[in-house]
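Student: Mature numbering (1 follows the signal peptide of the UniProt record, and there is no 0) puts the sequence shown at residues -28 to -1, 1 to 322.
It is worth saying that the hints were derived from the structure and are not from the lab.
Just so it is clear, the structure is predicted and the values come from calculations on it, not from any experiment.
Ideal Cβ positions, reconstructed from N, Cα and C, are used throughout, including at glycine.
There could be a bad hint or two in this list.
Unchecked claim - DSS-like mimics (lysine-lysine), calculated; alpha carbons at most 27 Å apart, straight line:
(1) 92 <-> 36
(2) 51 <-> 33
(3) 51 <-> 169
(4) 59 <-> 36
(5) 228 <-> 99
(6) 160 <-> 59
(7) 160 <-> 51
(8) 169 <-> 33
(9) 292 <-> 59
(10) 59 <-> 33
(11) 92 <-> 169
(12) 228 <-> 36
(13) 51 <-> 99
(14) 33 <-> 292
(15) 169 <-> 292
(16) 278 <-> 92
(17) 99 <-> 33
(18) 33 <-> 92
(19) 99 <-> 36
(20) 99 <-> 292
(21) 292 <-> 92
(22) 228 <-> 169
(23) 292 <-> 36
(24) 160 <-> 228
(25) 278 <-> 292
(26) 59 <-> 169
(27) 278 <-> 228
(28) 228 <-> 92
Said to hold, decoys possible - Between beta-carbon pairs, the in silico distance windows are:
(29) 223 <-> 127: 36 to 44 Å
(30) 270 <-> 311: 25 to 33 Å
(31) 103 <-> 311: 25 to 33 Å
(32) 98 <-> 307: 27 to 35 Å
(33) 320 <-> 44: 39 to 47 Å
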Amino acid sequence: MKKQILPLTVAGTMLVSGSFLTGNTVLAGDNGPNGPNYGGNETIKNERLHSYEEMVSFLEKVDKRSEALELEVYGQSVKGRDLYLAKFGTMNEDNPTILFLTQQHGNEALTTEGALEMIKYLSSNGKNVQDILENVNVLIAPRLNVDGAEGDVDFSLEDYVSGTHTRYNANGVDLNRDHVDREQPETKALHENILQKYQPDYMIDLHHQGTQTTLGDTGELVSGSILYPTNESVDPTVVEQSKQLGAVVYNAVDAKGYGLLSKYPGGSAPTISRNGLAMEYGIATLLFEMRGMADHYRDDYVLGQKSNGYLIQQAVTAMKASLEALADDSIDSTDTSFWDTLPESNYDGE
């Protein structure tokens, strides 16, 4: 049975759970990123997330006022919605290129909110931003699954908690299992018009996981999980670069003091972007799973919105740290030994 859901009414402002996210600061009103859980009887206020129209409006407004941003439409969804790519930097072939990809799954929404914050940040004129954009080519593809994020699909969401977001695209396909056949227009456009065109060296694929993921068997709830490509056909050099990217993210989140990460126990299938893109294109890939989802048919996957600000900031922290490490080449000397002792995710849900 669907729970009560309020209409989409908030536009333009990054308003999250009664808090404004500004720069590096999450102001009062949020709980920590590993709580609270959705209890099953409260309203899930997904109207505080950017709808598709609000996201497009945001991107167009930033594009008009920023010389640093070049906004590109690289394809269309099943339902005909435009897919947007935000490009920053000189696109100098001597600079490393990194792609931040969000919301392959339409119900994993806070990753896109973090990406929009990064777009706003990279459109500013600070010295740190200038240093990044002189030395790194930045690609941000926010919300690959635009139809699933709108709930505009050709199947029922009656059993979902709020009935507003789904993992699958309009055809009922998991886009993160379509990176070999590319039968869906969203994944086909991603490969042909971003991956093959811009040939990124690095990618962080941002997702969400269930709320009850723990750090091994410690019982401690984690705020996220990370993993490098695990298919045995991936070049070992690419795997090591992926581990370095993961180390940068882990160290940055750990330093903030409000995040706790585990090692995601992911599979090795090439249909998954983390594996397939590393195999086919030699891209160093990192999966970053945030805690909780905006909507699901399982209550223990849905997170109460009071943690949104922290989780958005966790995504921003990961993206900023990656850019800074690429800009000053410190990523090349990053110690990856932490991977040997990082506990794998456990799950205490249903």
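Student: All hints, please: hold or fail.
Tutor: Status of the hints after comparison with the structure:
For the hint pairing residue 92 with residue 36, the CA-to-CA distance comes to about 12 Å; that is within 27 Å, so the pair holds. Restraint check for residue 51 and residue 33: satisfied, since their Cα atoms lie roughly 24 Å apart, inside the 27 Å limit. Under the criterion of a C-alpha separation no larger than 27 Å, the hint pairing residue 51 with residue 169 is consistent with the structure, at around 24 Å. With a C-alpha separation of about 14 Å, the suggested pairing of residue 59 with residue 36 holds against the 27 Å cut-off.
The straight-line distance between the Cα atoms of residue 228 and residue 99 is roughly 22 Å, inside the 27 Å bound, and the hint therefore holds. Simply put, residue 160 and residue 59 have alpha-carbon atoms about 19 Å apart, close enough for the 27 Å limit, and the pair holds. This hinted pair checks out: residue 160 and residue 51 have alpha carbons roughly 15 Å apart, not beyond 27 Å. Under the criterion of a C-alpha separation no larger than 27 Å, the hint pairing residue 169 with residue 33 is consistent with the structure, at around 26 Å.
As the CA atoms of residue 292 and residue 59 are separated by approximately 15 Å, the hinted pair is consistent with the 27 Å bound. For the given pair, residue 59 sits about 15 Å from residue 33 by alpha-carbon distance, which is consistent with the 27 Å threshold. About 24 Å separates the Cα atoms of residue 92 and residue 169, which keeps this hinted pair within 27 Å; it holds. With a CA separation close to 33 Å, the supplied pair residue 228 and residue 36 exceeds the 27 Å bound.
For the hint linking residue 51 to residue 99, the alpha-carbon distance of about 41 Å lies beyond 27 Å, and the restraint is violated. For a cut-off of 27 Å, the pair hint linking residue 33 to residue 292 stands: about 22 Å separates their Cα positions. Proposed proximity of residue 169 and residue 292 is supported: the alpha carbons are some 24 Å apart, at most 27 Å. A threshold of 27 Å between alpha carbons decides the hint, and for residue 278 with residue 92 the separation of about 23 Å falls inside it, so the pair holds.
Restraint check for residue 99 and residue 33: satisfied, since their Cα atoms lie roughly 22 Å apart, inside the 27 Å limit. A threshold of 27 Å between alpha carbons decides the hint, and for residue 33 with residue 92 the separation of about 10 Å falls inside it, so the pair holds. Simply put, residue 99 and residue 36 have alpha-carbon atoms about 21 Å apart, close enough for the 27 Å limit, and the pair holds. Using a Cα cut-off of 27 Å, the hinted pair residue 99 and residue 292 holds, with the two alpha carbons roughly 14 Å apart.
Using a Cα cut-off of 27 Å, the hinted pair residue 292 and residue 92 holds, with the two alpha carbons roughly 12 Å apart. This hinted pair does not check out: residue 228 and residue 169 have alpha carbons roughly 36 Å apart, beyond 27 Å. With a C-alpha separation of about 23 Å, the suggested pair residue 292 and residue 36 falls inside the 27 Å cut-off, and the hint holds. Taking the CA atoms of residue 160 and residue 228, the gap is about 37 Å. The hint is violated against a cut of 27 Å.
Of the supplied pair hints, the one linking residue 278 and residue 292 holds, its CA atoms being roughly 23 Å apart against a limit of 27 Å. With a C-alpha separation of about 13 Å, the suggested pair residue 59 and residue 169 falls inside the 27 Å cut-off, and the hint holds. Taken as a hint, the residue 278 and residue 228 pair is honoured in the structure, with Cα atoms around 19 Å apart against an allowance of 27 Å. For the hint pairing residue 228 with residue 92, the CA-to-CA distance comes to about 21 Å; that is within 27 Å, so the pair holds.
A hinted range of 36 to 44 Å holds for the C-beta pair residue 223 and residue 127, which are about 41 Å apart. Checked against the hint of 25 to 33 Å, the pair residue 270 and residue 311 passes, with Cβ atoms roughly 29 Å apart. As the Cβ distance of residue 103 to residue 311 is approximately 28 Å, the hint placing it in 25 to 33 Å holds. Against the hinted window of 27 to 35 Å, the Cβ-Cβ separation of residue 98 and residue 307 comes to about 29 Å, which satisfies the hint.
Taking the beta carbon of each, residue 320 and residue 44 are about 43 Å apart, inside 39 to 47 Å as hinted.
Hints 12, 13, 22, 24, counting from the list given before, are not met by this structure.
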